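Heads up: the sequence lines are chains A and B, in that order. When you line the first sequence up against our numbering, it's residues 1 to 139, in that order. When you line the second sequence up against our numbering, it's residues 1001 to 1126, in that order.
Certain hints may be false.
[Unchecked claim] Per label pair, the in silico range of CB-to-CB distance:
1. V24/A <-> G1042/B: 27 to 35 Å
2. R1039/B <-> A87/A: 20 to 28 Å
3. F1068/B <-> L25/A: 41 to 49 Å
4. S79/A <-> R1052/B: 41 to 49 Å
5. A30/A <-> G1003/B: 38 to 46 Å
6. V1047/B <-> I33/A: 17 to 25 Å
7. L1043/B <-> L36/A: 29 to 37 Å
Just so you know, these hints were derived from the structure itself, not from any lab. The model shown is predicted, which means the values in this text are computed figures rather than measured ones. Glycine included, C-beta positions come from ideal geometry on N, C-alpha and C.
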Amino acid sequence: MLSHGMRQTGAISLHHPLGLILAVLNPWVAVGILLLLAFFATYTTALSWADLTYVLPATSLGYVLLALVARFVLHEQVSPLRWLGIALISGGVGFVAGGPALTTHQPQHDEVVVGVRGVSKSPLLAKDARGGAPGGIEL
Amino acid sequence: MNGVYTWGGILVIVVASVIGDVLLARAMKQVGDVHALWRSSGLWTVVGRTLRNPNFSLGIVAMAFAFFSLLFALSWGDVSLVAPAAASLTFIGNAFAARVFLHERVDRRRWIAAVLVACGVGLLAG
Chain A
1 MLSHGMRQTG AISLHHPLGL ILAVLNPWVA VGILLLLAFF ATYTTALSWA
51 DLTYVLPATS LGYVLLALVA RFVLHEQVSP LRWLGIALIS GGVGFVAGGP
101 ALTTHQPQHD EVVVGVRGVS KSPLLAKDAR GGAPGGIEL
Chain B
1001 MNGVYTWGGI LVIVVASVIG DVLLARAMKQ VGDVHALWRS SGLWTVVGRT
1051 LRNPNFSLGI VAMAFAFFSL LFALSWGDVS LVAPAAASLT FIGNAFAARV
1101 FLHERVDRRR WIAAVLVACG VGLLAG
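Just chain A, same shape as in the assembly (with noise of 0.2 Å):
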């Protein structure tokens, strides 16, 4: 969307750095700009009650979802070492997945964690057990 968008603003010059600013007003890169923010405030979120090291392979699903976009909705080629790429993205994602999602406890302000025994009794994992990834993981 941003780059439809500032395809249709036209090359700004470094003289004109104003043409940025304005650049913002095109809907096409405003809409892009909303969805960057909305990924950055899921990102947080889900870095509150999870691993980095849990949330970040998930965020590259978005390489996987673009790439199917280009074949299936924009039709373009993806060559097979493309496919071997989202293969092994989807398979890390899986099998970080397949873990828990905090592996260090750290009591909540306002929450009181009582005979927590490893991180499979935390609250913060609480969502886990209903099933299903709580927030959802971001992409």
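Given the coordinates of chain A, assemble chain B onto it according to the supplied hints.
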């Protein structure tokens, strides 16, 4: 000589990205579970507590630095080298940094995941 600049740029991007991710992760752990905090105290408490956290601000600065380093590196090297190399090495660097600075238990499962994702991103973006 351009290769030295390019790989130097990639190194700076990776280090800045890893610092940014680690600081953000630490900040959000200090803020606490956002869902629980939102339910108990409201959205503005979550936003205020996050924005007031110094690790969060420093993390944003580090990420912005990584972004501008990427722009510089792209002016020295090919996008087909810089983008996948920086993205892949960031996954590996984050696994190290999370273990050392965030005391996460990075077991074999997570190492394999980090390597698989790094290779996959390298192949996809290359």
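These are the hints, each one checked on the structure:
A C-beta distance of roughly 29 Å is found between V24/A and G1042/B, which places it inside the suggested range of 27 to 35 Å. The hint said 20 to 28 Å for the Cβ distance between R1039/B and A87/A, and at roughly 39 Å that hint is violated. A hinted range of 41 to 49 Å for the beta carbons of F1068/B and L25/A is inconsistent with their spacing of about 24 Å. In this structure the supplied range 41 to 49 Å holds for S79/A paired with R1052/B, their Cβ-Cβ distance being about 47 Å.
The beta-carbon spacing between A30/A and G1003/B, approximately 39 Å, falls within the hinted interval of 38 to 46 Å. At roughly 18 Å, the beta-carbon separation of V1047/B and I33/A lies within the given 17 to 25 Å, and the hint holds. Between L1043/B and L36/A the beta carbons are some 20 Å apart, a value that contradicts the proposed interval 29 to 37 Å.
Hint compliance for this structure: hints 2, 3 and 7 are not met, and every other hint is.
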